[in-house]
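Okay, here's what each chain looks like letter by letter:
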Amino acid sequence: MKFSGYVKDRIWFYVISCISFGLILLFLEAFRVSVQLVGAISVIFILFVLFEEVFGYFRKKRFYEELEENLELLDKKYLIHEMLEEPSFIEGRLTYEALCDANKSMCENVNVYKRRSEEFRDFIEMWVHEVKLPVASLQLMAHNHRDELGDKFLEQLSRIDGYTDQVLYYARSENPEKDYIIKETSLKRAVSNAALKNREAIQVCGASVETSGLDVNVMTDSKWLEFMLGQFIANSLKYISPGREPVISISAEENDDKVLLHFRDNGIGISEGDLPRIFDKSFTGENGRSYVRSTGMGLYIVKNLCDRLEHSITAVSERGSYTELIIGFAKNNYYKM
Amino acid sequence: MSSSAGLKTDGYCDIMRKDVLNHTENYSEHDTEEIMSRIFIVEDDRSIREELAELLRNSGYEAEYLTDFSNSKADILAARPDLILMDINIPNLNGEQLLKEIRRESDIPVIMVTSRTSETDEVLSMSYGADDYITKPYNPTILLLRISAVLKRSSGITAVQTYNGLQVNDAKGSLTDGNHEMTLTKNEMIIFRFMLDRRGAIVTRDELMTALWDNDEFVNDNALTVNISRLRSKLAELGCEAAIETRKKQGYILR
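Protein chains in written order, with our numbering: chain A, 22 to 358; chain B, 12 to 266.
Be careful, since some hints might not be right.
Calculated pairs, EDC-like style, for lysine to aspartate or glutamate (alpha carbon to alpha carbon, straight line, at most 16 Å) [said to hold, decoys possible]:
| no. | chain 1 | residue 1 | chain 2 | residue 2 |
| --- | --- | --- | --- | --- |
| 1 | A | Lys209 | B | Asp227 |
| 2 | B | Lys260 | A | Glu169 |
| 3 | A | Lys209 | B | Glu252 |
Label-pair ranges, simulated between beta-carbon atoms [as the list claims (entries may be wrong)]:
| no. | chain 1 | residue 1 | chain 2 | residue 2 | range |
| --- | --- | --- | --- | --- | --- |
| 4 | B | Gly71 | A | Lys173 | 24 to 32 Å |
| 5 | B | His191 | A | Ser342 | 46 to 54 Å |
| 6 | A | Ser262 | B | Thr236 | 22 to 30 Å |
| 7 | A | Tyr312 | B | Ala85 | 56 to 64 Å |
Note that these hints are calculated values from the structure, not bench results.
Heads up, the beta-carbon is just placed ideally off N, CA and C, and yes, glycines get one too.
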């Protein structure tokens with residue numbers, strides 16, 4: 022708050038002061054008061070106006086400058102009222118109270134949406150668990166009546182299962198609450214569970230799976246990791262290079278401070294321009310457009326899950342030769358004590 | 012995503028071993044070769060429990076299920092099953108609570124079979140004393156593998172078994188007729204073991220494949236064929252000609 026700005030704002034006060042000062046002088050003149058008295062009254066009047074303005078300016082300046090400064094510094098600007106002292110002047114107090122009220126009402130409003138989105142998420146979670154029952158039931162039927170319902174039937178079922186899993190993990194990854202458990206997990210077990218779950222699909226594509234160095238334990242949520250591996254496998258099978266036999270190789274590498282899980286295929290790869298954006302929401306890229314229809318959600322969800330679990334994820338690829346996804350698990354020796 | 016990771020990696024092993032020991036004492040008179048294992052299904056979805064019962068019966072188990080959940084614990088214990096397949100979302104008491112109640116009185120092996128895919132539920136179930144945890148929808152072959160693994164653990168069958176006078180040594184991965192010892196590769200051993208457990212019945216390629224992949228051997232179709240023919244010739248060398256019979260489009264039978 023600049024003094025000139027404050028003065029400009031007070032222009033009506035000065036106008037009225039000038040008029041009343043003029044009137045006082047006029048009356049004093051009419052009563053033929055001595056010049057000394059006129060001088061004294063003028064000095065008192067002017068000193069009063071000056072004192073009033075300077076004092077008033079500084080009183081407000083402290084509050085408003087604090088307000089401006091804090092607004093600039095805060096990243097959650099709606100918390101501004103928490104940073105201010107309640108001012109002593111009336112306008113300031115009104116502003117302060119308005120800020121508090123506005124914040125309170127906003128919090129209530131946000132809570133309404135928070136609750137709604139929580140309810141929606143709970144419903145999705147419940148729905149996914151419900152829909153898995155008929156899928157499980159159909160899978161058993163298909164197994165019990167193999168002759169009538171063939172492998173194609175099972176393949177479609179596993180597609181349904183895959184999509185519902187995507188919904189479940191999308192809802193989980195967007196949820197700010199912690200609904201995972203980080204514990205020591207065997208990479209070998211997680212990889213074999215993911216591979217086993219996708220065995221039919223892998224074999225239909227004629228792909229082979231190679232693993233090496235997976236006898237490592239990492240700190241993660243095994244269910245989430247298995248889902249992520251499932252997404253990688255699905256992608257690799259989607260973008261197989263027609264010229265050669267598809268190979269998926271999964272290996273782990275242990276450093277001093279982290280364990281890196283490499284997931285590499287020899288598929289068509291990702292072009293350099295698309296590579297930085299593959300973890301973006303709904304990004305399909307060249308491959309998604311020209312080969313198989315893609316939703317652009319798989320890797321986005323994976324990235325989100327990795328962020329939540331605080332794993333790093335990176336991708337390297339060369340068009341026409343390979344794609345490699347690398348998840349980095351931090352080692353925490355604290356847990357092992 | 013089914014998992015038995017809990018059994019292998021975390022601290023519930025102690026509880027489990029104790030169960031196995033008690034179990035061996037209680038049920039040592041059972042001979043699995045002659046008496047069919049009785050499996051009890053606790054599942055509120057009618058279609059699933061009926062299909063599941065059919066699957067189990069087709070696979071040589073006796074299967075029973077609950078239809079009224081008002082007195083689950085007493086009904087289950089009264090049936091004296093060898094193994095319980097239990098869902099978490101069941102009416103009245105939920106599965107985890109029911110498991111806790113059952114564990115107070117009995118060491119019957121329990122496999123939780125549920126549609127809840129979450130680490131929390133798995134950890135909780137295992138800490139209440141479940142022997143395994145499988146999520147729906149599951150590959151039926153994997154479910155059967157897990158059931159037979161849990162049953163085998165709880166009945167305490169020793170690793171050495173015989174086949175036509177040959178001693179099977181799992182730890183060494185070998186077959187011996189007293190004079191000669193034939194070492195099998197890991198894959199051949201998995202295949203042989205699987206067929207031996209189901210001797211006389213048709214074993215599909217799909218089942219063998221699942222068993223191999225379940226043991227981290229991600230073989231493809233060709234490799235399976237090669238493994239089986241190698242196993243055949245190794246058995247022949249030990250004097251068991253035509254031990255493995257091929258059934259066109261169905262699978263194999265170990266004679």
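Hint check results:
no. : hint                                : result
1   : Lys209(A) <-> Asp227(B)             : 8 Å, holds
2   : Lys260(B) <-> Glu169(A)             : 15 Å, holds
3   : Lys209(A) <-> Glu252(B)             : 37 Å, violated
4   : Gly71(B) <-> Lys173(A): 24 to 32 Å  : 28 Å, holds
5   : His191(B) <-> Ser342(A): 46 to 54 Å : 49 Å, holds
6   : Ser262(A) <-> Thr236(B): 22 to 30 Å : 26 Å, holds
7   : Tyr312(A) <-> Ala85(B): 56 to 64 Å  : 58 Å, holds
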